[in-house]
Amino acid sequence: MTEVEEVPADTGDYMIKPQSFTPSIDTSQWPLLLKNYDRLNVRTGHYTPISSGHSPLKRPLIDYIRYGVINLDKPSNPSSHEVVAWIKRILRVEKTGHSGTLDPKVTGNLIVCIDRATRLVKSQQGAGKEYVCVARLHSAVPDVAKVARALESLTGAVFQRPPLISAVKRQLRIRTIYQSKLLEYDADRHLVVFWVSCEAGTYIRTMCVHLGLLLGVGGHMQELRRVRSGILGENDNMVTMHDVMDAQWMYDNYKDESYLRRVIMPLEVILTSYKRLVVKDSAVNAICYGAKLMIPGLLRFENDIDVGTEVVLMTTKGEAIAVGIAEMTTSVMATCDHGVVAKIKRVVMDRDTYPRKWGLGPRASMKKKLIADGKLDKHGKPNEKTPVEWSRNVVLPTGGDAMIAGAAAAPAKVDVVAAVVEKVEAENGEVSKRKHKRDESSDSPAPVSTKKAKTKDVEGGEVEEKVKSEKKEKKKKKDKEEDKEEVATPKSEKKKKKSKETDEDESAAEKSEKKKKKKSKETDEAASAEKSEKKKKKDKKKKSKDSEDEE
1 MTEVEEVPAD TGDYMIKPQS FTPSIDTSQW PLLLKNYDRL NVRTGHYTPI
51 SSGHSPLKRP LIDYIRYGVI NLDKPSNPSS HEVVAWIKRI LRVEKTGHSG
101 TLDPKVTGNL IVCIDRATRL VKSQQGAGKE YVCVARLHSA VPDVAKVARA
151 LESLTGAVFQ RPPLISAVKR QLRIRTIYQS KLLEYDADRH LVVFWVSCEA
201 GTYIRTMCVH LGLLLGVGGH MQELRRVRSG ILGENDNMVT MHDVMDAQWM
251 YDNYKDESYL RRVIMPLEVI LTSYKRLVVK DSAVNAICYG AKLMIPGLLR
301 FENDIDVGTE VVLMTTKGEA IAVGIAEMTT SVMATCDHGV VAKIKRVVMD
351 RDTYPRKWGL GPRASMKKKL IADGKLDKHG KPNEKTPVEW SRNVVLPTGG
401 DAMIAGAAAA PAKVDVVAAV VEKVEAENGE VSKRKHKRDE SSDSPAPVST
451 KKAKTKDVEG GEVEEKVKSE KKEKKKKKDK EEDKEEVATP KSEKKKKKSK
501 ETDEDESAAE KSEKKKKKKS KETDEAASAE KSEKKKKKDK KKKSKDSEDE
551 E
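Here the sequence shown stands for residues 1 to 551, where the numbers follow the working numbering.
Honestly, the hints are just simulated from the structure, not real lab data. Hints should not be assumed to be uniformly reliable.
Computed beta-carbon distance windows for the label pairs [said to hold, decoys possible]:
no.	residue 1	residue 2	range
1	214	188	20 to 28 Å
2	189	75	49 to 57 Å
3	214	307	38 to 46 Å
4	55	358	49 to 57 Å
5	388	47	35 to 43 Å
6	359	105	51 to 59 Å
7	223	140	13 to 21 Å
8	359	256	14 to 22 Å
9	346	89	24 to 32 Å
10	360	391	19 to 27 Å
11	360	101	45 to 53 Å
Listed below are the simulated DSS-like cross-link pairs for lysine-lysine, each with C-alpha atoms no more than 27 Å apart in a straight line [unchecked claim]:
no.	residue 1	residue 2
12	476	385
13	368	378
14	474	381
15	345	95
16	378	357
17	385	255
Cβ coordinates follow ideal geometry from the N, Cα and C atoms, glycine included.
My request is simple: use the sequences and hints to build the entire structure.
Given below as structure tokens:
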């Protein structure tokens, strides 16, 4: 009997035990775009923090106002444009914009964007809206259920023509009504109060007319209030015009910022519904100048991002940099190591808020040095003094460096190196030009090339020298051909000039002769016409005299 080996008691140490990790920081109460920051997927945790920029809530007052948004309760009689112009004058800012016009008599939610925040106006104008409306029916409808059913039938895609009194062309259009709810019905006064959630550009006035038609009694809109615009509603720090005036007065007289900071909100409030991409501080300014966000500049990203979805690019301090369109899905961002993450739709942040950090790599710094030494032109393009290695590297496709390095290091034939160089040149469309020049030079007698040594025993350095000598000889050939062409061209050019001058003289003489002929013809015709008129007059006089004599 063989003895069974005993399993050591400490084998459990090699097992992966279940562990519970609690997040070190609870970010559920962090403000604006930093809320639930710890739940974002981490691409990398390594980046160099830069002291530039400020947290949205702690910006200096001037920047706080410039990047600000006001959730305004619009008063009843002035138009939306008037209200926005008044706020511009009160706060003494350069630009203001709003989230979608309200009719003069309509009250409620109007998002006013200040200075840099006006770049987000388009996104807010296209956002969904919610209204509470009072409609008056033209005669009694005793059944409340009938009114509720008629209102419910007006949900979904609806045909609408703008009202008679409207500032737009009265074309038939389709608008979507997402949801509607009957709040109250007064049968005695024929009043219907209802709540509507609808697409931007829906006419509630037209909806009230349609409701009256469905009930068979007719109707019109009595009163309207906007309850929500996009992400901001009545309960989200809504302020009146008087609040804005008082806040500015307190700052002007007592230098108290607190009221202005209470009335105005950072623009990041509007962007909290977007998917987030966190960008390294060193990549921020490049994006402000319009660059696409690449994988190396990405720190964190959100789940469920698809290609084409609108995302907000943000800094590690929670500032919005730009609104972009995703070029990768979440899974690709997690696995890929190169490529474009998002392209920019609208930049919000000012340029040079963060310092420039591009052009500091080894390749870029080498390029700057070559430009300073005059070995590249001011635009960074190669010239006569450009080193061969640089021009090769500029021209080479991916992997081309390795091909040439291998060919030069190994005891290979000169033809192999030349073939590699030709491949590289073909990538940039230079081979066709050089072949054409070689064909032209084949007619003229070429000098004998240098002796070709046996390539088996030659080392890599000697091969490079031969390639250089061949290039020098080719240059000499080209120079000679160009000299010959220059010598030949002046004579031919003189002949051409003489022939052109003679042709021009002949053509000028012909034109002058034609003009003279035309003038002589015209004078002859005029003289003949005058003679004929004189003859007619004489004939008339003779006839008149003859008639008088007969009498």
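Cross-check of the supplied hints:
Hint check: residue 214 to residue 188, Cβ distance near 21 Å, so the stated range 20 to 28 Å holds. Checking the proposed 49 to 57 Å range against residue 189 and residue 75 shows it is violated: the Cβ atoms sit about 26 Å from each other. Between residue 214 and residue 307 the Cβ separation comes to about 42 Å, which falls inside the hinted range of 38 to 46 Å. Range check, residue 55 to residue 358: about 25 Å between beta-carbon atoms, so the 49 to 57 Å window is missed.
Under the hint 35 to 43 Å, the C-beta atoms of residue 388 and residue 47, about 38 Å apart, fit the expected range. At about 57 Å, the CB distance of residue 359 to residue 105 agrees with the hint of 51 to 59 Å. In this structure, residue 223 and residue 140 meet the distance hint of 13 to 21 Å, their C-beta atoms being roughly 20 Å apart. Remark: the range hint 14 to 22 Å for residue 359 to residue 256 is contradicted by a beta-carbon distance near 45 Å.
Between residue 346 and residue 89 the CB atoms are about 26 Å apart, so this pair conforms to the stated range of 24 to 32 Å. For the pair residue 360 and residue 391, the beta carbons lie near 23 Å from each other, so the given range of 19 to 27 Å is met. Hint check: residue 360 to residue 101, Cβ distance near 48 Å, so the stated range 45 to 53 Å holds. Distance check on the hinted pair: residue 476 and residue 385 sit about 17 Å apart at the alpha-carbon level, within 27 Å; holds.
For the proposed pair residue 368 and residue 378, the alpha carbon gap of about 9 Å is at most 27 Å, so the pair holds. Pair hint residue 474 plus residue 381 holds up; C-alpha atoms about 23 Å apart against a cutoff of 27 Å. Simply put, residue 345 and residue 95 have alpha-carbon atoms about 20 Å apart, close enough for the 27 Å limit, and the pair holds. Between residue 378 and residue 357, the direct Cα distance comes to roughly 21 Å. Compliance with the 27 Å bound is thereby established for this hinted pair.
The suggested pairing of residue 385 with residue 255 is violated, with an alpha-carbon distance near 63 Å, which exceeds 27 Å.
When the structure is compared with the earlier hints, violations turn up for hints 2, 4, 8, 17 and for no others.
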